[in-house]
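Asker: Single-letter residue listing:
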Amino acid sequence: MKVLVPVKRVLDYNVKPRVKADGSGVDLANVKMSMNPFDEIAVEEAIRLKEKGAVTEIVAVSIGEAKCQETLRTALAMGADRAILVQTDERVEPLGVAKILAKIVEEESPELVILGKQAIDDDNNQTGQMLAGLLNWGQGTFASKVEIADGHAKVTREVDGGLETDDLKLPAIITTDLRLNEPRYASLPNIMKAKSKPMATKSPADYGVDVTPRITVTNVAEPPKRTAGVKVADVDELVAKLKAMGVAK
Amino acid sequence: MKTLVWVEHDGKAVKDATLSAVTAASKLGEAHLLVAGQGIDSVAQAAATIAGVGKVHVADDAAYAHALAENVAPLVVELMGHHDAFVAPATTTGKNIAPRVAAMLDVMQISDILSVEGADTFTRPIYAGNAIATVKTSDTKLVVTVRTTAFEKAAAEGGSAEIEKVASTGDKGLSTFAGEEIAKSERPELTSAKVIVSGGRAFGSSEQFHSLLDPLADKLGAGVGASRAAVDAGYAPNDYQVGQTGKIVAPEVYIAIGISGAIQHLAGMKDSKTIIAINKDEDAPIFQVADIGLVGDLFKIVPELTEKL
Ligand SMILES: Cc1cc2nc3c(=O)[nH]c(=O)nc-3n(C[C@H](O)[C@H](O)[C@H](O)COP(=O)(O)OP(=O)(O)OC[C@H]3O[C@@H](n4cnc5c(N)ncnc54)[C@H](O)[C@@H]3O)c2cc1C
Ligand SMILES: Nc1ncnc2c1ncn2[C@@H]1O[C@H](COP(=O)(O)O)[C@@H](O)[C@H]1O
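Here the protein sequences line up with chains A and B, keeping their order. If you count by my numbering, then the first sequence holds residues 1 to 249, one letter each, in order. If you count by my numbering, then the second sequence holds residues 1 to 309, one letter each, in order.
Simulated from the structure, these hints should not be mistaken for lab results. Each residue gets a CB set at the ideal place from its N, CA and C atoms; glycine is no exception. Certain hints may be false.
To spell it out: a stretch of chain A is covered by chain B in this simulated footprint if at least three of its residues, at any positions, have a beta carbon under 8 Å from a beta carbon of chain B; those stretches are [claimed, not checked]:
#	segment
1	129–135
2	188–195
A few chain B residues that don't get close to chain A, going by computed Cβ distances all over 12 Å [to be verified]:
#	residue
3	Asp10
4	Ala46
5	Ala69
6	Pro89
7	Ser111
8	Glu152
9	Lys184
10	Gly243
11	Ala267
All chains, full assembly: derive it from the sequences and hints.
Answerer: Listed below in structure tokens is the structure:
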């Protein structure tokens with residue numbers, strides 16, 4: 001079976017985002033960009049399923065500017081087989097991404113699409129669920145464990161109260177949570193090999209999808225700042241503070 | 001504008017997250033509620049008493065027993081024929097269902113709103129709360145999830161809304177519920193606790209995490225949280241995790257113990273009223289946001305603190 005893995009290029013999670021003074025957004029000039037951490041987990045999961053023999057081909061997809069090639073090369077170096085770049089300089093919202101992915105699913109007929117649960121730039125947490133809705137497929141979101149057998153995916157999900165397990169009929173959508181696996185680093189030979197793996201370049205228009213944003217971002221501001229308070233010298237002083245706040249009797 | 005609010009419940013009672021979503025929805029227009037589940041009369045009754053609610057739609061069917069998105073989304077889409085906005089709390093259930101609804105309605109969801117600035121304009125956190133975006137939608141129907149810590153809870157009593165049964169849209173046969181492990185605890189739930197004590201990697205083991213933090217939490221009547229590192233190391237279950245990808249909390253007092261203060265952790269707790277940090281490294285980033293800091297070894301400090309409270 002074939003697996004599709006959408007990967008997004010985002011500000012590296014170790015970089016502290018800087019809000020631009022004119023309120024137009026977060027400064028992405030000359031900062032380190034990486035694959036969305038949840039998408040690394042998605043790629044890793046697809047590779048593990050392939051290593052177990054449940055999967056035969058892994059196709060990585062990224063939608064965005066030309067530099068998303070780097071993100072796709074990372075996926076290929078980790079172990080994806082080929083890549084599709086849907087190139088556009090426009091901002092594409094989750095609904096647009098989901099619509100493009102739905103068209104790619106139509107063309108490629110994968111039995112599984114594994115996405116990250118959220119992109120850590122816009123923190124939307126939408127695309128996987130939207131794709132499942134557009135395709136009328138089952139969805140196993142926030143997955144911490146996946147088992148594939150007999151045309152079904154058994155997905156353990158991280159929910160507010162603990163863990164929930166759902167059984168999905170394939171084809172299905174899975175979105176990854178942090179504890180699903182620990183992604184591997186690409187080895188140097190695999191990075192070299194990835195350079196010759198196939199990468200197709202397309203545009204949203206090739207899929208006939210209108211990606212005009214529905215949402216306008218009118219301002220981006222810094223959140224209210226917290227400032228450091230006082231240091232207390234010992235436990236007695238801390239207890240006194242807690243009492244003063246009415247937290248302790 | 002007529003809004004439809006997803007009622008988060010456990011089969012018996014309405015969860016607090018619902019009350020915050022009702023407040024957000026009321027800023028848009030009249031709040032109608034949707035209670036979906038199986039054998040949920042008591043939930044419907046409780047929902048009808050929430051102050052300011054116009055009507056309660058009740059969908060009682062086995063297909064909704066576990067709130068599977070595949071079955072619930074078509075029900076919501078049907079009801080959205082005569083509502084203008086679907087409003088869900090940003091719980092894992094809300095986050096699972098709402099985007100599926102949005103795609104089926106062909107609208108862009110607005111996730112995790114912090115405020116309602118107008119009928120089409122909202123603020124929401126991006127980049128783990130390191131920036132706040134003001135966004136304006138051109139969609140005519142709205143699908144919104146609500147960051148519950150940003151809205152006051154509507155009063156659970158005082159209303160007397162009419163209850164209306166709605167027909168089931170059926171089981172779509174795409175997925176089935178196969179089991180759950182829901183942690184049972186006598187302690188307050190993290191998202192509604194007034195005080196939270198939270199532990200990090202520094203605790204070193206599950207035994208030490210619990211033998212040190214549980215007595216302290218008991219003394220303070222507090223909920224217990226954890227950093228991702230502590231959860232990953234197996235010191236605490238996943239539903240303890242506070243942060244960008246865990247729970248968002250804003251208690252009166254948040255006590256971070258042996259937690260460094262990574263931005264992903266701060267994203268989940270920096271709106272707490274008072275932050276207290278205990279860490280042996282005086283340069284730990286957590287001290288930059290802490291109102292009260294105590295530098296030292298938690299293995300000495302925590303037992304002493306518990307003792308003296
Ligand atoms: C995509 C993504 C999402 C993430 N989401 C989350 C999230 O939701 N929540 C979250 O918490 N993290 C999240 N993280 C992880 C985050 O980046 C940090 O790795 C994590 O928060 C660190 O946990 P910690 O502070 O317990 O551990 P550490 O960073 O190891 O800090 C341990 C601290 O304990 C102190 N210490 C050690 N010994 C003692 C002692 N004896 N007494 C007192 N102090 C001591 C040390 O000085 C140090 O400050 C995420 C990461 C990624 C990439
Ligand atoms: N532009 C994109 N290109 C490829 N995949 C994407 C893109 N945007 C979102 N995704 C996928 O959808 C997931 C959830 O993103 P979001 O809904 O934006 O939080 C990500 O983790 C990716 O797997």
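Asker: Would you say glycine 243(B) is clear of chain A, with no C-beta pair closer than or equal to 12 Å?
Answerer: violated, 10 Å
Asker: Are all beta-carbon distances from alanine 46(B) to chain A longer than 12 Å?
Answerer: holds, 19 Å
Asker: Non-interface claim for serine 111(B): all C-beta distances to chain A beyond 12 Å?
Answerer: violated, 5 Å
Asker: Is the nearest CB of chain A more than 12 Å from the CB of proline 89(B)?
Answerer: violated, 10 Å
Asker: Taking the minimum C-beta separation from alanine 69(B) to chain A, is that value above 12 Å?
Answerer: The claim breaks: alanine 69(B) does not keep its Cβ more than 12 Å from every Cβ of chain A (closest is about 6 Å).
Asker: Given as covered by chain B, does the segment 129–135 of chain A meet the bar of three residues or more with CB within less than 8 Å?
Answerer: holds (count 6)
Asker: With d taken as the least Cβ-Cβ distance between glutamate 152(B) and chain A, does d exceed 12 Å?
Answerer: Since the minimum Cβ distance to chain A is about 18 Å, glutamate 152(B) lies beyond 12 Å and the statement holds.
Asker: Examine the segment 188–195 of chain A for residues whose CB is less than 8 Å from any CB of chain B, and state whether their number is three or more.
Answerer: Coverage by chain B is violated for the segment 188–195 of chain A (0 residues, Cβ < 8 Å).
Asker: May I ask you to check that lysine 184(B) keeps its beta-carbon over 12 Å from the closest beta-carbon of chain A?
Answerer: violated, 9 Å
Asker: Decide, holds or violated, for the assertion that all CB atoms of chain A are farther than 12 Å from the CB of alanine 267(B).
Answerer: Given a closest Cβ separation of 9 Å, the condition is violated.
Asker: Does the no-contact call for aspartate 10(B) survive, Cβ to all of chain A over 12 Å?
Answerer: Label violated. Min Cβ-Cβ 8 Å, cutoff 12 Å.
Hint compliance for this structure: hints 2, 3, 5, 6, 7, 9, 10 and 11 are not met, and every other hint is.
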